[in-house]
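Spelled out, the chains give:
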Amino acid sequence: MSALIREMYHTQERWRTQLTAPIQTKNENAWLGTGYYFWYYEEDATWWGITAKRQTGYYEIYQAQLNCGNILDTVFNEDHYKIWMKYVEKAIATFLKKEKGSLSLKYINDFFKEKGVFDDVDGVMFQDITDNPDFWIVKKFQYKKRIQIAVYNLGIITNFAFRFEGKCV
Amino acid sequence: MIDLKKLEQKFDALFEQETEETFKNWLHNKILKEALASMGKGSFREIGSIKDIPAKEFIYNPINILFAENLSTLSCNTQYAMAA
Chain X
15 MSALIREMYH TQERWRTQLT APIQTKNENA WLGTGYYFWY YEEDATWWGI
65 TAKRQTGYYE IYQAQLNCGN ILDTVFNEDH YKIWMKYVEK AIATFLKKEK
115 GSLSLKYIND FFKEKGVFDD VDGVMFQDIT DNPDFWIVKK FQYKKRIQIA
165 VYNLGIITNF AFRFEGKCV
Chain V
298 MIDLKKLEQK FDALFEQETE ETFKNWLHNK ILKEALASMG KGSFREIGSI
348 KDIPAKEFIY NPINILFAEN LSTLSCNTQY AMAA
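Read top to bottom, the protein sequences are chains X and V.
Convert by adding 14 to the 1-based position in the first sequence; the result is the number in our numbering.
Convert by adding 297 to the 1-based position in the second sequence; the result is the number in our numbering.
There's no promise every hint is true.
[Said to hold, decoys possible] Short derived list, chain V residues pointing at chain X, Cβ under 10 angstroms:
(1) Asp300
(2) Phe308
(3) Ala310
(4) Gln314
(5) Glu315
(6) Thr316
(7) Lys327
(8) Leu329
(9) Leu333
(10) Met336
It is worth saying that the hints were derived from the structure and are not from the lab.
For every residue, glycine included, the Cβ atom is placed at its ideal position computed from N, Cα and C.
Construct the entire structure; sequences and hints are all you get.
In structure tokens form, the structure reads like this:
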């Protein structure tokens, strides 16, 4: 496996004790299915903590090094992106003929994963556009991608460590 | 590096084997398992029936809406959000 190490960020609520490893998502709308989610940009991890990890009133940001040499990189790799698009759209056309738009992407990804398609893939990297107004040039125009990875193989995560905490708004 | 040809072969094999019906059966079981897991550990006491809920509603409705009339004591976090 080739080494492509990225420093990425994991957001959680602040609880009594700090984490020593990332927590696997249980969110039913997590885009990429069950996995360990990390943000590419620290500011997106922070924004997520402020706006979504509000259960205890405080959030924590952790950092780690991820070996991304064996991930499906739909953000920066054109070939990976084309394959990804082809099969997500095929899944929508095949499995969701009448219910398009009614099901989160999580379940399509979970289906791929549980059927073994991603057995040799350590994770999937994906992007959308943040709703953080700090990145507006003009209103509602975001110049910056919001990038996440869902890690399926814990073995690619090293040096997981607490970075800082903050208060939700 | 990912072997893209192998990955495509796996995708193609999946679409040869699976149909809309098998996907929906998988989805039904998946959501049911997640709903049960969200309740945590413990024992069950029968307080109602879900047998009259159409399968389509069971698959696509948030659990708190689905069970609102049948199992009023059940609640679940259905916040829409992107990731963990």
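Hint check results:
Of the supplied interface hints, the one on Asp300(V) holds, with its beta-carbon coming within about 7 angstroms of a beta-carbon of chain X, less than 10 angstroms. The interface hint given for Phe308(V) is met, as the beta carbon of that residue sits about 5 angstroms from the closest beta carbon of chain X, less than 10 angstroms. Among the interface hints, the one on Ala310(V) holds; its C-beta lies about 9 angstroms from the nearest C-beta in chain X, closer than the 10 angstroms criterion. With its C-beta approaching chain X no nearer than about 8 angstroms, Gln314(V) sits inside the 10 angstroms limit, and its interface hint holds.
A distance limit of 10 angstroms between C-beta atoms decides the matter here; for Glu315(V) the minimum to chain X is near 7 angstroms, and the interface restraint holds. A hinted interface residue such as Thr316(V) counts as satisfied when its beta carbon comes closer than 10 angstroms to some beta carbon of chain X; here the least separation is about 8 angstroms, so the hint holds. Restraint check, Lys327(V) versus chain X: the minimum CB separation of about 7 angstroms is within 10 angstroms; hint holds. This hint is violated: Leu329(V) has a C-beta 13 angstroms from the nearest C-beta of chain X, more than the 10 angstroms allowed.
At a threshold of 10 angstroms, the smallest CB-CB gap from Leu333(V) to chain X is about 13 angstroms, leaving the interface hint violated. Residue-level restraint check for Met336(V) is violated (minimum Cβ-Cβ distance to chain X is 12 angstroms; threshold 10 angstroms).
The structure does not agree with the numbered hints 8, 9, 10 stated previously, though it agrees with the rest.
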